[in-house]
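Asker: Letter by letter, the chains look like this.
Number of protein chains: 2
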Amino acid sequence: MNETLKTLMERRSCRSYKSDPVPAEILDQILEAGTFAATGMGKQSPIMIAVTDQKVRDRLSRMNADVMGANNDPFYGAPTVIVVLADKAVPTYLYDGSLVMGNLMNAAHSLGIASCWIHRAKEEFASEEGKAILKELGIEGDYEGIGHCILGYAAQENKTAAPRKDHYIYRI
Amino acid sequence: MNETLKTLMERRSCRSYKSDPVPAEILDQILEAGTFAATGMGKQSPIMIAVTDQKVRDRLSRMNADVMGANNDPFYGAPTVIVVLADKAVPTYLYDGSLVMGNLMNAAHSLGIASCWIHRAKEEFASEEGKAILKELGIEGDYEGIGHCILGYAAQENKTAAPRKDHYIYRI
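Protein chains in written order, with the numbering used here: chain A, 768 to 939; chain B, 768 to 939.
Source of the hints: derived by calculation from the structure; they are not laboratory data. All values derive from a computational prediction rather than experimental measurement. Incorrect hints may appear among the rest.
Stated by the list, open to error - With a straight-line Cα cutoff of 30 Å, these simulated DSSO-like cross-link-like pairs (lysine-lysine) come out:
(1) A:810 - B:855
(2) B:855 - A:898
(3) B:855 - B:822
(4) B:902 - A:932
(5) A:932 - A:773
(6) B:773 - A:810
(7) A:855 - B:926
(8) A:898 - B:932
(9) A:932 - B:898
(10) B:773 - A:926
(11) A:855 - B:810
(12) A:810 - B:785
(13) A:889 - B:889
(14) A:810 - B:926
(15) A:855 - B:932
(16) A:773 - B:785
Please build the complete structure, drawing on both the sequences and the hints.
Answerer: In structure tokens:
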């Protein structure tokens with residue numbers, strides 16, 4: 768099995784992180800891999816917001832918990848978060864943004880960084896508070912939150928993957 | 768740069784294929800990589816239909832062209848097609864299915880197989896003809912088409928990637 772297949776098959780969603788930040792040069796490689804995800808008609812509809820500032824990270828965590836009506840940290844202690852949003856003016860935006868998320872998670876695993884997709888980015892950035900964050904960053908246009916790729920060093924070893932379901936694959 | 772990053776960054780969408788089929792043992796590895804994509808709550812909402820039968824492949828091509836009102840082959844001559852669908856009963860189905868598509872395309876590239884995401888699977892499998900195909904395969908439940916991953920050997924060399932857009936990445 769080649770190294771890429773190994774990465775794709777051994778990546779797991781990690782739900783427990785050390786507080787050590789992701790080194791900047793590693794984060795940059797993960798982000799760059801995200802920019803090369805396929806997008807409908809090559810329109811590159813997604814954008815990424817790399818959050819390393821602890822206060823902003825904690826604010827997003829709180830906003831995310833609010834969507835659920837929860838009080839915990841939905842980011843499982845991960846120090847670094849990449850928010851992916853995509854431009855709703857492009858019909859394939861949701862698929863495009865998801866492919867960026869996939870590249871981020873797979874790139875991270877190849878570099879020894881644990882990750883997990885955390886949802887509710889849609890609700891977070893549809894809120895007034897979320898819109899204000901985008902505005903502060905100079906992001907204009909109708910962007911919908913696709914997901915948070917949380918990143919960090921795993922605090923526990925990867926669990927073995929759950930068995931793949933029966934009938935995942937059909938053939939004609 | 769490690770091999771996985773190289774794969775993620777050098778994969779291109781291919782729009783011209785030779786007629787040679789994808790060898791079965793390579794197709795199996797691509798499909799297996801697809802099953803290991805992350806899914807919301809680990810629910811594994813997607814399914815894949817690997818189409819190698821020429822008649823079925825041509826039928827899907829015609830259905831796909833019909834959605835556009837076109838007469839060409841929307842699969843660009845690719846001999847093999849993996850259709851990804853996902854179970855609408857799972858809230859994250861569309862994101863989940865997209866991640867499977869991403870793993871398929873990246874796995875393919877790592878194995879020397881060209882690929883492209885072809886859309887309109889949603890419309891195709893919402894039609895009576897599409898539903899009948901699912902029924903013949905014994906697929907029950909409310910599955911929505913996510914995409915076609917067309918696969919084959921490239922008839923032309925990969926183009927260089929278009930420049931990534933400005934402001935793909937923001938930082939806080």
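Asker: Now, for every hint given, state plainly whether the structure supports it.
Answerer: To see whether the hints hold, each was checked on the structure:
{"no.": "1", "hint": "A:810 - B:855", "in the structure": "holds, 27 Å"}
{"no.": "2", "hint": "B:855 - A:898", "in the structure": "holds, 29 Å"}
{"no.": "3", "hint": "B:855 - B:822", "in the structure": "holds, 28 Å"}
{"no.": "4", "hint": "B:902 - A:932", "in the structure": "holds, 19 Å"}
{"no.": "5", "hint": "A:932 - A:773", "in the structure": "holds, 20 Å"}
{"no.": "6", "hint": "B:773 - A:810", "in the structure": "holds, 22 Å"}
{"no.": "7", "hint": "A:855 - B:926", "in the structure": "holds, 27 Å"}
{"no.": "8", "hint": "A:898 - B:932", "in the structure": "holds, 22 Å"}
{"no.": "9", "hint": "A:932 - B:898", "in the structure": "holds, 22 Å"}
{"no.": "10", "hint": "B:773 - A:926", "in the structure": "holds, 27 Å"}
{"no.": "11", "hint": "A:855 - B:810", "in the structure": "holds, 27 Å"}
{"no.": "12", "hint": "A:810 - B:785", "in the structure": "holds, 26 Å"}
{"no.": "13", "hint": "A:889 - B:889", "in the structure": "holds, 22 Å"}
{"no.": "14", "hint": "A:810 - B:926", "in the structure": "holds, 16 Å"}
{"no.": "15", "hint": "A:855 - B:932", "in the structure": "holds, 17 Å"}
{"no.": "16", "hint": "A:773 - B:785", "in the structure": "holds, 28 Å"}
Violated hints: none; the structure is consistent with every hint.
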